[in-house]
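In order, the protein sequence lines correspond to chains A and B.
In terms of numbering that gives the first Met the number 0, the first sequence opens at residue 0 and continues consecutively.
In terms of numbering that gives the first Met the number 0, the second sequence opens at residue 0 and continues consecutively.
Read the hints as simulated data drawn from the structure, not as lab findings.
Just to be clear, a hint being listed does not mean it is correct.
What the hints assert, rightly or not - Over the 12 Å line for every Cβ pair with chain B, so calculated as not near, a few chain A residues: (1) 11; (2) 114; (3) 172; (4) 180; (5) 214; (6) 216; (7) 236; (8) 251; (9) 281.
Stated by the list, open to error - Selected chain B positions facing chain A (in silico; Cβ < 7 Å): (10) 15; (11) 19; (12) 98; (13) 262.
Said to hold, decoys possible - Using C-beta positions, here's what the derived DEER-type ranges look like: (14) 276(A) <-> 3(B): 55 to 61 Å; (15) 86(B) <-> 210(A): 25 to 31 Å; (16) 86(A) <-> 45(B): 55 to 61 Å; (17) 6(B) <-> 194(A): 37 to 43 Å; (18) 194(A) <-> 260(B): 33 to 39 Å; (19) 20(B) <-> 126(A): 24 to 30 Å; (20) 67(A) <-> 198(B): 43 to 49 Å; (21) 260(B) <-> 200(A): 36 to 42 Å; (22) 19(A) <-> 86(B): 16 to 22 Å; (23) 58(A) <-> 6(B): 34 to 40 Å; (24) 200(A) <-> 253(B): 45 to 51 Å; (25) 134(B) <-> 108(A): 49 to 55 Å; (26) 28(B) <-> 11(A): 49 to 55 Å.
For glycine and all other residues, C-beta sits at the position ideal for the given N, C-alpha and C.
One-letter residues, chain by chain:
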Amino acid sequence: MIPGGLAVRADKLGKWYGNVLGLSDVSIEIRPGITGLLGPNGAGKSTFMKLITGQLRPSIGTVTIDNQPVWNNPEIFRRVGFCPEQDAFYEDTTGREFLSGLLGLSGYSAAEVRDRSDRALAFVGLEDAADRLIRGYSRGMRQRLKISQAIAHEPDILILDEPLNGLDPLSKRKVIKLIKDYRTEGRTVLVSSHVLPEIEALTQSIVLVHQGKILAEGDIHYIRDLIDAHPHVVAVKTGDGRGLAAKFVGEADVLSVRFDETEGTVLFETRNRDRFFERLTRLAADEGLDVEEITSPDDNLQSVFDYLVGK
Amino acid sequence: MSMAPFLSVYRFSAKIVRRSKRTKVFIAVSVLPVILAVVLQINRLASPGRGLDGLAVFSNVVMGFCLQFLVLLLSLFFGTSITADEVDNKTLTYPATRPVSKTAFILGKYAASVSFLLVLVLTSTVVSFLILMADRLSYGAAWAFLGKSLAALGFGTICYTALFTLAGTFLKKSILFGLFFCFGWENVVQYFPGTTQKFTIMHYLKSLLPGMEAGVGGTEGTGLLKFLLFRQEPTPVVTAVITLVILTAVFAGLACWVFSRKEYLFDE
Numbered sequence: 000m001i002p003g004g005l006a007v008r009a010d011k012l013g014k015w016y017g018n019v020l021g022l023s024d025v026s027i028e029i030r031p032g033i034t035g036l037l038g039p040n041g042a043g044k045s046t047f048m049k050l051i052t053g054q055l056r057p058s059i060g061t062v063t064i065d066n067q068p069v070w071n072n073p074e075i076f077r078r079v080g081f082c083p084e085q086d087a088f089y090e091d092t093t094g095r096e097f098l099s100g101l102l103g104l105s106g107y108s109a110a111e112v113r114d115r116s117d118r119a120l121a122f123v124g125l126e127d128a129a130d131r132l133i134r135g136y137s138r139g140m141r142q143r144l145k146i147s148q149a150i151a152h153e154p155d156i157l158i159l160d161e162p163l164n165g166l167d168p169l170s171k172r173k174v175i176k177l178i179k180d181y182r183t184e185g186r187t188v189l190v191s192s193h194v195l196p197e198i199e200a201l202t203q204s205i206v207l208v209h210q211g212k213i214l215a216e217g218d219i220h221y222i223r224d225l226i227d228a229h230p231h232v233v234a235v236k237t238g239d240g241r242g243l244a245a246k247f248v249g250e251a252d253v254l255s256v257r258f259d260e261t262e263g264t265v266l267f268e269t270r271n272r273d274r275f276f277e278r279l280t281r282l283a284a285d286e287g288l289d290v291e292e293i294t295s296p297d298d299n300l301q302s303v304f305d306y307l308v309g310k
Numbered sequence: 000m001s002m003a004p005f006l007s008v009y010r011f012s013a014k015i016v017r018r019s020k021r022t023k024v025f026i027a028v029s030v031l032p033v034i035l036a037v038v039l040q041i042n043r044l045a046s047p048g049r050g051l052d053g054l055a056v057f058s059n060v061v062m063g064f065c066l067q068f069l070v071l072l073l074s075l076f077f078g079t080s081i082t083a084d085e086v087d088n089k090t091l092t093y094p095a096t097r098p099v100s101k102t103a104f105i106l107g108k109y110a111a112s113v114s115f116l117l118v119l120v121l122t123s124t125v126v127s128f129l130i131l132m133a134d135r136l137s138y139g140a141a142w143a144f145l146g147k148s149l150a151a152l153g154f155g156t157i158c159y160t161a162l163f164t165l166a167g168t169f170l171k172k173s174i175l176f177g178l179f180f181c182f183g184w185e186n187v188v189q190y191f192p193g194t195t196q197k198f199t200i201m202h203y204l205k206s207l208l209p210g211m212e213a214g215v216g217g218t219e220g221t222g223l224l225k226f227l228l229f230r231q232e233p234t235p236v237v238t239a240v241i242t243l244v245i246l247t248a249v250f251a252g253l254a255c256w257v258f259s260r261k262e263y264l265f266d267e
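Only chain A is shown next, with the shape it has when bound in the complex:
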């Protein structure tokens, strides 16, 4: 089958769990290529992914893949691969049995099942552990096995819910390469994460989800601009806090400077974090500034979202 060209479409999609809102009025089209779904924990990413993989029935609106409804339409899953977020397995099977069983459900012959499971296990580097019980796998191995079951049938649409969680740097690189290869082949990939740099490493096209709604969608630069407009707090632990503060108070992008005597840190609020770090690095190198620790207390998605929704 020639891959690609499949689109996931949601139209006024909503989901309630009793009185609790899971997702509200989401209309979006996910085209071939990589789309990043970004949002803090509990934002509604997983609900959206469960709706587009037919695990949940929409309370309102529609969700289609290739113009076909997803709910109770198992045939669509010949072309869809899904890696769930939850760490769930048939613990008393081996990695190979788990993968072979699921490939069997996709309708492959015994020979194809063997061939595809061998290739998928090799891809995620689990060939040596393939005949061990999943119960004994480490977190990283379990994550890799989840990814292998999503790709073993070479789907046209790959839906990955927090796929890089628990992976070591090497495995992360491999998975990122796989996702990019899928894009090159014209397939559709939807990846969710609550970690911005993970999404940035994968795609330029992102959708921001917050409190069950799409907050913004578009190019990463647009989102970056929104984030950059957000004043960042940078905490610097140093032996000479006042000396350091004196070097920054004159900078136009530094909005405020505070001292935390108990922690021995200086808290800078800046509108341009990159320029701030560049100057700090230069000072440390040129003037031998004694910097023990640099942290960004609000450098997380939640604070960005709070800023974007005007909290």
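Here the structure of chain A is known, so what remains is to put chain B in place on it, guided by the hints.
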């Protein structure tokens, strides 16, 4: 419905059933009739003339343990787990995102559980029979009783597992319901006089067993659990079989229907 998805679910589920920890526990439980048979047979051989007749003991083992306890317990735990395990362990995501209909999924898992339970229950019963009847294997009526016992146990396993599969699809505490049903309804109402007893599955299963009123092969129902053999209004065998088949089909059909329409949420 194509058979291929059903068979692939069956094969995968059979492997999971065989491997689970629960299975190991229930294999041990299903060996109990064999251990009981060995103890009773040793006792019988040690004091000839005083022990019970082998066939009478076997009929009591079948009635008192296998049919009214073992089959109920195994069907309850394996039937309810068909859906509940997938939801509780959050593994339902995997089959739910494969090109397999929900009907094929439920029926495939049901068939895998039932076939495993049949092997367990019937093997245990046959081995118990061979031990208890070791000195009377040429007795034809005993073999006929064995055949009918296996039929009752087989139908019991198939029908109860279908019922508990259905319970597992829509009840959150299906085990509690099952325990109440097995030991609060089936094991009580079957002794009610009149037609009330026909509201139990056990009534139809017992109707498949021979000589309920008068015992079997001259044993005259002298077993320890003779009171269990009391049957006020037996249903003809053909009617009992048809009823059990219909009940099984209805339970399994409803289980598929509920499972296809219900969405299952994992506890986060």
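Tested hints:
| no. | hint | result |
| --- | --- | --- |
| 1 | 11 | holds, 19 Å |
| 2 | 114 | holds, 16 Å |
| 3 | 172 | holds, 26 Å |
| 4 | 180 | holds, 22 Å |
| 5 | 214 | holds, 22 Å |
| 6 | 216 | holds, 25 Å |
| 7 | 236 | holds, 37 Å |
| 8 | 251 | holds, 46 Å |
| 9 | 281 | holds, 46 Å |
| 10 | 15 | holds, 5 Å |
| 11 | 19 | holds, 6 Å |
| 12 | 98 | holds, 5 Å |
| 13 | 262 | holds, 5 Å |
| 14 | 276(A) <-> 3(B): 55 to 61 Å | holds, 59 Å |
| 15 | 86(B) <-> 210(A): 25 to 31 Å | holds, 27 Å |
| 16 | 86(A) <-> 45(B): 55 to 61 Å | holds, 56 Å |
| 17 | 6(B) <-> 194(A): 37 to 43 Å | holds, 42 Å |
| 18 | 194(A) <-> 260(B): 33 to 39 Å | holds, 37 Å |
| 19 | 20(B) <-> 126(A): 24 to 30 Å | holds, 27 Å |
| 20 | 67(A) <-> 198(B): 43 to 49 Å | holds, 45 Å |
| 21 | 260(B) <-> 200(A): 36 to 42 Å | holds, 41 Å |
| 22 | 19(A) <-> 86(B): 16 to 22 Å | holds, 19 Å |
| 23 | 58(A) <-> 6(B): 34 to 40 Å | holds, 35 Å |
| 24 | 200(A) <-> 253(B): 45 to 51 Å | holds, 49 Å |
| 25 | 134(B) <-> 108(A): 49 to 55 Å | holds, 52 Å |
| 26 | 28(B) <-> 11(A): 49 to 55 Å | holds, 53 Å |
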